[in-house]
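For this one, chain A is given, so just place chain B on it according to the hints.
Letter by letter, the chains look like this.
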Amino acid sequence: KAGVTQTPRYLIKTRGQQVTLSCSPISGHRSVSWYQQTPGQGLQFLFEYFSETQRNKGNFPGRFSGRQFSNSRSEMNVSTLELGDSALYLCASSTRQGAEETQYFGPGTRLLVL
Amino acid sequence: AQSVTQLDSQVPVFEEAPVELRCNYSSSVSVYLFWYVQYPNQGLQLLLKYLSGSTLVKGINGFEAEFNKSQTSFHLRKPSVHISDTAEYFCAVIMNSGYSTLTFGKGTMLLVSP
Chain A
1 KAGVTQTPRY LIKTRGQQVT LSCSPISGHR SVSWYQQTPG QGLQFLFEYF SETQRNKGNF
61 PGRFSGRQFS NSRSEMNVST LELGDSALYL CASSTRQGAE ETQYFGPGTR LLVL
Chain B
1 AQSVTQLDSQ VPVFEEAPVE LRCNYSSSVS VYLFWYVQYP NQGLQLLLKY LSGSTLVKGI
61 NGFEAEFNKS QTSFHLRKPS VHISDTAEYF CAVIMNSGYS TLTFGKGTML LVSP
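For the protein sequence lines, the chains are A and B, in the order given.
Heads up, the first sequence is in this note's numbering, so the first residue is 1 and it goes up one at a time.
Heads up, the second sequence is in this note's numbering, so the first residue is 1 and it goes up one at a time.
Since the hints were derived computationally from the structure, they do not count as laboratory data.
Take the hints with a grain of salt, since some may be wrong.
[Claimed, not checked] Computed from the model, here is a short list of chain A residues facing chain B with C-beta under 10 Å:
1. Q37
2. L43
3. N56
[Said to hold, decoys possible] Derived pair list, reagent style DSSO-like, types lysine-lysine, alpha-carbon separation capped at 30 Å:
4. B/K58 / B/K69
5. A/K57 / B/K49
6. A/K57 / A/K13
7. A/K13 / B/K106
8. B/K106 / B/K49
9. A/K57 / B/K69
10. B/K49 / B/K69
11. B/K106 / B/K69
12. B/K106 / A/K57
13. B/K49 / A/K1
14. A/K1 / B/K58
15. A/K57 / A/K1
[Unchecked claim] Pulled from the structure, derived: some chain A residues nowhere near chain B, Cβ distances all over 12 Å:
16. R15
17. G16
18. V19
19. S65
20. L81
Note that the Cβ used here is the ideal one computed from N, Cα and C, for glycine as well.
Isolated chain A, as found in the complex (with noise of 0.2 Å):
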């Protein structure tokens, strides 16, 4: 089976724009979480669907969004991108929600915003 699949890898952005990340998790699997990393505050959850449906969120402020659609792609946007949005961005897919469930993370999006 193919892995977790994110695109774009990398992408560089000035501040106030916005940005389209996605995730394609591995086929089969219904559960999609993200994740931000950086230097400074480490590994951060952002959100997590399963079945189309906000499941979690984690403390992030609204400019932060996300969606998962039908076929479990998911996709999340940062609106007025600031300085401190630089960061490899990751996305993790898993067969169900629940914590019994392994997760299988992409290679990630690398977000520098200018």
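For chain B alone, coordinates are given in the frame of chain A:
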């Protein structure tokens, strides 16, 4: 709320030496415990997880970890490391709440030299 502390930000070790990466957690409810590895420019890969049962968990690449409930620890060990084990290692927990949300430690960089 739960938290994860990885006591060492960097662990240098010589090839073929044993290594232990330390992880302590704090939670008011029962948790599941995980260790992930991140190689440069890649996503996270699951090494091992503890859900229940035997407190000694064996994972991939010769790694193992021991869950110690009284000390709230989940230290990762390998009896003999290779150059290829050089990577960043993350300890993480999920609350036994039905969600899949991982709370990560800050990571430990394992540096293996010849």
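Next on the checklist: Flag every earlier hint the structure violates by its number, smallest first.
Outcome noted: Checked against the structure, no hint fails, so every one of them is satisfied.
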